[in-house]
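Colleague: Respectively, the protein sequence lines represent chains A, B and C.
Going by my numbering, the first sequence opens with residue 287, and the numbers climb by one from there.
Going by my numbering, the second sequence opens with residue 516, and the numbers climb by one from there.
Going by my numbering, the third sequence opens with residue 58, and the numbers climb by one from there.
The reader is advised that the hints may include incorrect statements.
Chain C residues, not near chain B, derived (Cβ > 12 Å throughout) [as the list claims (entries may be wrong)]:
hint, residue
1, M58
2, G70
3, E74
4, I76
5, P105
6, I109
7, L121
8, T135
9, V147
10, Y172
11, K185
12, R188
13, S193
14, D194
Simulated pairs of lysine-lysine, DSS-like, Cα-Cα distance not exceeding 30 Å [said to hold, decoys possible]:
hint, chain 1, residue 1, chain 2, residue 2
15, B, K1045, A, K765
16, A, K723, A, K629
17, C, K79, A, K854
18, A, K414, B, K1031
19, B, K1078, A, K360
20, A, K414, B, K869
21, B, K1092, A, K413
22, A, K413, B, K1045
23, B, K571, C, K108
24, B, K802, A, K302
25, C, K185, B, K830
26, B, K1045, A, K371
27, A, K837, A, K629
28, B, K823, B, K526
29, C, K170, B, K802
30, B, K1092, B, K942
31, A, K413, B, K1078
32, B, K850, A, K765
33, A, K371, A, K358
34, C, K79, B, K830
35, A, K837, A, K656
No lab work stands behind these hints, which were simulated from the structure alone.
C-beta atoms are modelled at their ideal positions from N, C-alpha and C, and glycine is treated no differently.
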Amino acid sequence: MLFTIQVNNKKIRAEKGETILSALNRNGIIIPTLCRMKDFTPTGACRMCVVEVEGRDRLVTACSQPVEEWMKIKTHSPRVITARKTNVELLLSNHPDDCLYCDKNNNCELQRLAEELNIRERRIRAKKIKPRLDQSSPAIVRELSKCIVCGRCVRVCEEIITATSIDFINRGSRIHVGPAMDRDFNFSSCINCGQCVLVCPTAALHEKHNISEVQEYLNNPDFMKVIQYSPVVPAGVAEELGLKYSRDFDRVLNSVLRKIGFEKVFTTGTGTDLFISEIAGQLIEKIDSGSDSPLYISACPAWIKFAEQSLTEILPAISTVKCPQQITGALIKTLVADQAGLKPEKIFSVSATPCTAMKFEARRDGMMRKGISDIDSVLTVRELGRVIRLYGIDVSNTDSEQADPPMEGYSSSAALSEISGGLAEAVIKSLFSVRYKKEPDKQYIKKLRTGGSFRETSIRTDDKEITVAVVDGLTGLEKLKASADAGKKYDLVEVMVCPGGCINGAGMPFRNQKDDRKNLIRMIYQADENSAIDLPERSPVMINLNGKLIKENSEIADKKIFHTHYVKRNVLL
Amino acid sequence: MEDLKKYLTGKVLMYEADTLPPETVKVLSQIRREKTDRPVIYLSSGTSSKIAGSEKTYSAVSTYITENESKAELVMVGCTGPANFEPMLAVQLPGKNKLFFRNITEEKVEPLLNGVFHNDINKDDLIGQHGSTGFELWSGIPFMEELPFFAHQKRVILGNCGCYDPESIDEYIARGGYRAFIKAIRHYTYEEVCDIIEKSGLRGRSGGGYPTGLKWKQALNTASSSRYVVCNAKESDPGAFTDRLMLESDPHRVVEGIAIASYAIGASNAIVFFRRGSEHARNRLQKAIDSARDYGILGHNIFSSGYKLDIVIRKEPGAFVCGEETALISNLEGKRGMPKLKPPYPTSSGLFGKPTVINNVETLMNVPVIMQNGPEWYRTLGTAESPGTKIFAVAGKGRLSGVIEIEMGTSFRTILEDIADGIRDGKKLKGIQIGGSSGSFITPENLDLTVDFEAMKEQDLGMGAGGFVIIDEDTCIVDLVRYYMEFMRNESCGKCIPCREGTGRMLEILQSVIRKPSDDDSGTTLERFKGVMQLETIASVMKDTSLCGLGQTAPNPFLSALKNFREEFEEHIFDRKCRANVCRGLRTFSIDVDKCTGCTVCASKCPVNAIYGTRLQPFFIVEEKCIGCGICYDICKFSAITVK
Amino acid sequence: MIPLLQEIQDQYGYLSEEIIVKVGNFTGLSTTKIYGLATFYDQFRFVPAGKIVLKICNGTSCFLNGSQSVISRIREETGLTPGQTSRDGVYSYEIVTCMGGCTNGPLLTVNGKYYTHVNPEQIPELLKKLRYIIESD
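My request is simple: use the sequences and hints to build the entire structure.
Modeller: Written out as structure tokens, the structure is:
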């Protein structure tokens, strides 16, 4: 039911039951917000969206107040502007004056608000207490002095990720956000997924930076500098640099990376292909053995940490295959090292990912041999964008080049694996191709692509049905459990923590809340449809790698290097 | 006891007609000790009595009774109200009016009782006599009701306080208690009860003044499988002690009020959200609930009406902000007590999403009285917009303090001059602070303002929950405002920006105003000025945009003080002077050379060694070193030290 | 949840990390949430209280009668802030609002016993006396 309300002396249409903010936005009237998150109920914490409603004593928050037919609203009256300005000044009074050195310089919501509200002097001073800087986690850094207590991170961690690793502690002016017992992050149940980093309006939460480390090694001639990047990274880099993405950009990126100083550029996708085929092998084994328990597959380090903390009973069922980054890393430190005639410690291996948890993964027990890590440093897409800008590379005027062998290409399945449901799809298709020499029924496979946080399907083969489930964001775990408790058995379960998959990982560029990368996803599906190299076993790079290079290298021929183990973690849950 | 229980439940509570038959009336009169054949000694037993030493008095009286083989009965009653008179002791000789005595500590017991039993009344500690018709009067002894403290009060809700043993449900029923509740559940529908309360015009007594009947109707009219009533007995405002007194002295009336409210909205569960510190009051209330349950007044199918109700007490774990409705609900749901956005209001979606009515203890105390006497009677009290009475916790520099109940429409002057008997020690009145940490000031010029929601709103004053602090010339307004702001800063939940940061900044600025001037270089002076200019803006934005009542009312003391006592603020800020000589940073002392004998005592006690001199010669205080603590001032035997 | 924590606090005097973890396991709630919940409220302590717990009234009446100087004296003498416990586990203090003894202020209570009309000069003696009582038990 529509009716008219008056806003700033103009009449606009509003729908019964919607909030003032929604009515304003639909009519193109923008007012500032700070604690608001799309798809979440409003909390009313920031008071930035206040508007003046005639007949009401106090200012009213537009994000929560439902519209009424009689309303006469003023969105930018002097009283409202003073209120917003004073609130931001109050925030700034307790905020470090650190913009120039801050991680979010030019990208900070608070900075934008201060600019929008024309705050030009420090009217309000405060005794600033220096809260701590927590750099204990390899993936996420907490800078409590910059926190504005908007509560977004707490909600995301509780409602989307279900890890509930952080909550408000204390109250009033001593309120801050922290993990259990207010310890440092590395003792906590934080799974490093970084979704909190994506929603934090300031730099209170940001990823650990490895740029200086990478720079140092780039300047060091004693090392061979090597980089790998996952399939979605070129799209992310293009987004970060503000360029339009097309498939050609992948090869431009190779050249850009070489210009920065990396001697060898590899594609993690090759590792993904190996990953898929190893898993397919494990799945075949499991099906043949007649085992009842599902095979959990995932390239997600956050999920692994989550399972090690709170779902230890399923650890034996999780596929032991290392994630693609680590597989490629292992290959670099063995195969490539041999090929180049270097000792592994003389190689500085960097990985560019859309993920923050990969920084944690690179440091895991089992990811190094003889004291040498397979991956020395992990950069997120945002960091890679910074490095490119730092080195002044003119990306639009760079030629395309091939990546370096033996890991210079990948199948479209590898690209697919970075979308939720894509890995399961790839594994099933690979299994069918290897064992049954045919394609699975597309109609059933496509069920894994969209449809909420828990999706399932069954694929018929000649002699059995393979049931597959996809958990897209940990809220789906409950549904999986309910279904399993009801008696349903699954053969394969894919789990990703970041909703939508790695394509929405915490390392990808910040985007405004409207953008949801649908175009990119569509492009990836399209490519998979049209590609001739759609499975690992069809990729010439893989054929070479699997068939020849790995077999010939005695260190890795038994493929044990591509497997890892999981242990129960004792953290404060 | 069992027979008494059966009698009271059967013959009194179940009795249909309003007037009871004469035999029953006689029995009840006996329970009320109106006709006794032996002396009765009543001793007040609330927290304030305990603090004043009533436990020792109790042992002294018991000892006296055993040692003298007296037939006297010792009854513990609740506090009557006046705090200065504690411990209060009353003696009732058979057939004669009760005699009330004040400040009866243990050593006074024996001579007093000896005197009373031998008709020799000690006039020093006597307050007065009190009784009803049919009792013999004492000659030459004033009547309690005629004392100004009581004469100007209208004790409707406090009527039972101090008159009966709060732990005895029999005495409460004998005073007419629980009849209104039983009648309501057996003969009225939910709507009818809401109608009665709405007609009476009762308004919420926690400060907001929202019509209670209307609130109940909103909850009743929201479709739901269950509803809740929450009695807010939190009372954490500094300087508030009214709810505690009422709960200690008349807990049954609170239980009855909650019960009627629960019936009116169709709730079968009521929760009392209780203040953490008041153990005594909580125990009394729990006992009252237990005995009500025992008498079938709570439980299933109460008195065959089909209605069921149970009341539980939940202890609040310590946060002032939980007095706010939505924060209270968050707490009861087991979460951090952070207020939530309104709408939705608790009456449509409250505890666990069900319609919830949250009422203050005082509001609920009015309910049985209204049900018993009818809404029209209630309307005869008070004013047209604000019927009924209001309870205040009079404290501060008045001669008398305590819990009082006045009819709405009474002027503040009456309360100050007649009830509290003016300012003590001959000091001058500076003002009255009402409403506690979210309240405002009334100046000597406005004393004729009446206690009425609308009249006060016109003057931009909130009623508050009942705080009434009398301040005199020796109270520094700036320090008082700083005290309230410190309280609000500590209690802020931290969710919204204006309150979390605003209370902090305002406190820091106020603290800088009362700090010692010699730490000032031009930088800090400039900052202080800047800070002060921001105070008003921050205060008005806090009022305008805070999420909940805490932030919205936290600036009130400051804004009201600024409006009424602007010169005092300006003196602190610009002249760096505190006219009440309270702010240590702004006062220094000097020694009168004519009076100083050079005894060296002050110099040896000075914590910062700011006093210099040679023995037997006048001493000298170095102003820059002086921290204004006043130790020398207190200790000088020759009054040679004066405040500058 | 809150009544459960209150009972634990009453029995053990404080909430240790172990207990919070146990409660979390028992109820299925994350430790983070329980800790966040407990730190919001004044009642919950995370270190044991002293053997002598002083509660000083800072209600408006007591404030006007000088409770702030009593509080600063206690702070000076013990070297603690409210809520902290002394190293030897003997003292801790809390500031509470209005205990109801408004005409007898400044008021303080120690382990249930009331002290009225307290002035700062009496504090050192009182602390010594209390320590003596504890130590002689």
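Colleague: Look at each hint and say if it fits the structure.
Modeller: These are the hints, each one checked on the structure:
{"no.": "1", "hint": "M58", "verdict": "violated, 4 Å"}
{"no.": "2", "hint": "G70", "verdict": "holds, 15 Å"}
{"no.": "3", "hint": "E74", "verdict": "holds, 19 Å"}
{"no.": "4", "hint": "I76", "verdict": "holds, 16 Å"}
{"no.": "5", "hint": "P105", "verdict": "holds, 18 Å"}
{"no.": "6", "hint": "I109", "verdict": "holds, 18 Å"}
{"no.": "7", "hint": "L121", "verdict": "violated, 6 Å"}
{"no.": "8", "hint": "T135", "verdict": "holds, 17 Å"}
{"no.": "9", "hint": "V147", "verdict": "holds, 23 Å"}
{"no.": "10", "hint": "Y172", "verdict": "violated, 9 Å"}
{"no.": "11", "hint": "K185", "verdict": "holds, 19 Å"}
{"no.": "12", "hint": "R188", "verdict": "holds, 23 Å"}
{"no.": "13", "hint": "S193", "verdict": "holds, 24 Å"}
{"no.": "14", "hint": "D194", "verdict": "holds, 22 Å"}
{"no.": "15", "hint": "B:K1045 to A:K765", "verdict": "violated, 58 Å"}
{"no.": "16", "hint": "A:K723 to A:K629", "verdict": "violated, 41 Å"}
{"no.": "17", "hint": "C:K79 to A:K854", "verdict": "holds, 18 Å"}
{"no.": "18", "hint": "A:K414 to B:K1031", "verdict": "holds, 21 Å"}
{"no.": "19", "hint": "B:K1078 to A:K360", "verdict": "holds, 29 Å"}
{"no.": "20", "hint": "A:K414 to B:K869", "verdict": "violated, 42 Å"}
{"no.": "21", "hint": "B:K1092 to A:K413", "verdict": "holds, 24 Å"}
{"no.": "22", "hint": "A:K413 to B:K1045", "verdict": "holds, 15 Å"}
{"no.": "23", "hint": "B:K571 to C:K108", "verdict": "holds, 25 Å"}
{"no.": "24", "hint": "B:K802 to A:K302", "verdict": "violated, 50 Å"}
{"no.": "25", "hint": "C:K185 to B:K830", "verdict": "violated, 34 Å"}
{"no.": "26", "hint": "B:K1045 to A:K371", "verdict": "holds, 17 Å"}
{"no.": "27", "hint": "A:K837 to A:K629", "verdict": "holds, 20 Å"}
{"no.": "28", "hint": "B:K823 to B:K526", "verdict": "holds, 22 Å"}
{"no.": "29", "hint": "C:K170 to B:K802", "verdict": "holds, 23 Å"}
{"no.": "30", "hint": "B:K1092 to B:K942", "verdict": "holds, 20 Å"}
{"no.": "31", "hint": "A:K413 to B:K1078", "verdict": "holds, 28 Å"}
{"no.": "32", "hint": "B:K850 to A:K765", "verdict": "holds, 25 Å"}
{"no.": "33", "hint": "A:K371 to A:K358", "verdict": "holds, 22 Å"}
{"no.": "34", "hint": "C:K79 to B:K830", "verdict": "holds, 23 Å"}
{"no.": "35", "hint": "A:K837 to A:K656", "verdict": "holds, 22 Å"}
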